[in-house]
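K.L.:
Based on the provided sequences and hints, a complete structural model is requested.
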Amino acid sequence: MKNIVIPAEEDIRKSLESRHTKYVQDRLAKAKVAVCGLGGLGSSIAIALARCGVGELHLIDFDRVDLSNINRQQYALCELGIEKPAAMEAEIRRFSPYIIIKQDFVKITEENVYELLKDDIYICEAFDAPEEKAMLTNAVLEKFPEKYLVGASGMAGYETGNTIQTRKITSHYYLCGDGVSEIKENAGLMAPRVMICGAHQANTIIKLIIGDEKR
Amino acid sequence: MIRINGEIINEESIELMEYLNNNGYCISRIAVECNEKIVPKSEYESFVLHSGDVVEIVSFVGGG
Chain A
327 MKNIVIPAEE
337 DIRKSLESRH
347 TKYVQDRLAK
357 AKVAVCGLGG
367 LGSSIAIALA
377 RCGVGELHLI
387 DFDRVDLSNI
397 NRQQYALCEL
407 GIEKPAAMEA
417 EIRRFSPYII
427 IKQDFVKITE
437 ENVYELLKDD
447 IYICEAFDAP
457 EEKAMLTNAV
467 LEKFPEKYLV
477 GASGMAGYET
487 GNTIQTRKIT
497 SHYYLCGDGV
507 SEIKENAGLM
517 APRVMICGAH
527 QANTIIKLII
537 GDEKR
Chain B
312 MIRINGEIIN
322 EESIELMEYL
332 NNNGYCISRI
342 AVECNEKIVP
352 KSEYESFVLH
362 SGDVVEIVSF
372 VGGG
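First to last, the protein sequences are chains A and B. If you read the first sequence in the numbering used here, its first letter stands for residue 327, the second for the next number, and so on. If you read the second sequence in the numbering used here, its first letter stands for residue 312, the second for the next number, and so on.
Calculated from the structure, these hints are not laboratory results. Any given hint might turn out to be false.
Stated by the list, open to error - Once the Cα atoms are required to be at most 25 Å apart in a straight line, the calculated BS3-like pairs of lysine-lysine come out as: (1) A/356 with B/352; (2) B/348 with A/444; (3) B/348 with A/533; (4) B/352 with A/494; (5) B/348 with A/328; (6) A/469 with A/510; (7) B/352 with A/533; (8) B/348 with A/348; (9) B/352 with A/340; (10) A/358 with A/348; (11) A/473 with A/444; (12) A/473 with A/494; (13) A/348 with B/352; (14) A/473 with B/352; (15) A/469 with A/433.
P.N.:
Put into structure tokens, the structure is as follows:
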């Protein structure tokens with residue numbers, strides 16, 4: 327591979343502004359988003375937000391990259407065995423060298439959720455197990471009613487992606503997914519529907535950060 | 312009437328826990344919002360839904 331000169335921060339910012347407008351970019355650059363779980367959903371969410379120019383990401387996961395993740399998660403084979411927050415930061419730095427990233431290699435529990443998330447305004451629930459999704463959702467909505475939470479439920483299999491939607495549950499809680507498709511034999515988690523759902527979550531975060539398009 | 316997940320129920324009041332049990336909800340996999348506010352798990356046993364309440368019960372399935 328040839329040697330590449332990494333563009334200056336100012337040039338990357340101008341490029342983003344030329345794509346998104348300065349109004350949009352100013353808002354994205356100031357935003358801070360926590361991604362809880364860096365599996366199929368979380369890795370896609372983090373990459374989408376970083377590509378958009380979100381200023382700060384808080385990447386949280388307790389797991390390491392495994393070969394069984396590669397079918398749907400945004401990691402490379404050379405990252406097998408690496409802590410997911412570290413591997414995700416490395417992936418993001420390849421296209422967004424100046425973003426601020428905070429890593430936490432830890433399992434989120436009811437006990438540590440307050441300390442972990444108290445400084446983040448926008449929070450993505452991108453867990454795998456339904457009990458963990460419920461725990462984080464209840465904890466965030468109880469402890470942080472002023473924050474915004476975007477979660478997911480139902481994205482396994484390969485039936486039409488058109489059933490994956492974003493629902494506004496309350497003014498501060500959105501839920502993406504089809505609500506029903508859990509992992510079954512012959513219909514496990516596959517990249518396309520997981521990425522559709524993660525993209526719904528990232529898009530909802532972007533919309534919450536910027537506000538309505540028609541302003 | 313009480314509105315639960317968009318469905319109208321013609322009752323003056325319902326005990327939340329009784330409704331969850333009768334409708335097969337798994338307590339460890341749900342979140343309940345009543346009038347835009349989360350109902351803490353610790354209050355499920357004593358929480359009563361009243362006429363006019365708008366309730367969302369989010370039930371999570373695995374995958375992510």
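K.L.:
Can you list which hints this structure breaks, lowest number first?
P.N.:
Checked against the structure, the hints that fail are numbers 1, 5, 6, 7, 8, 9, 13, while the rest are satisfied.
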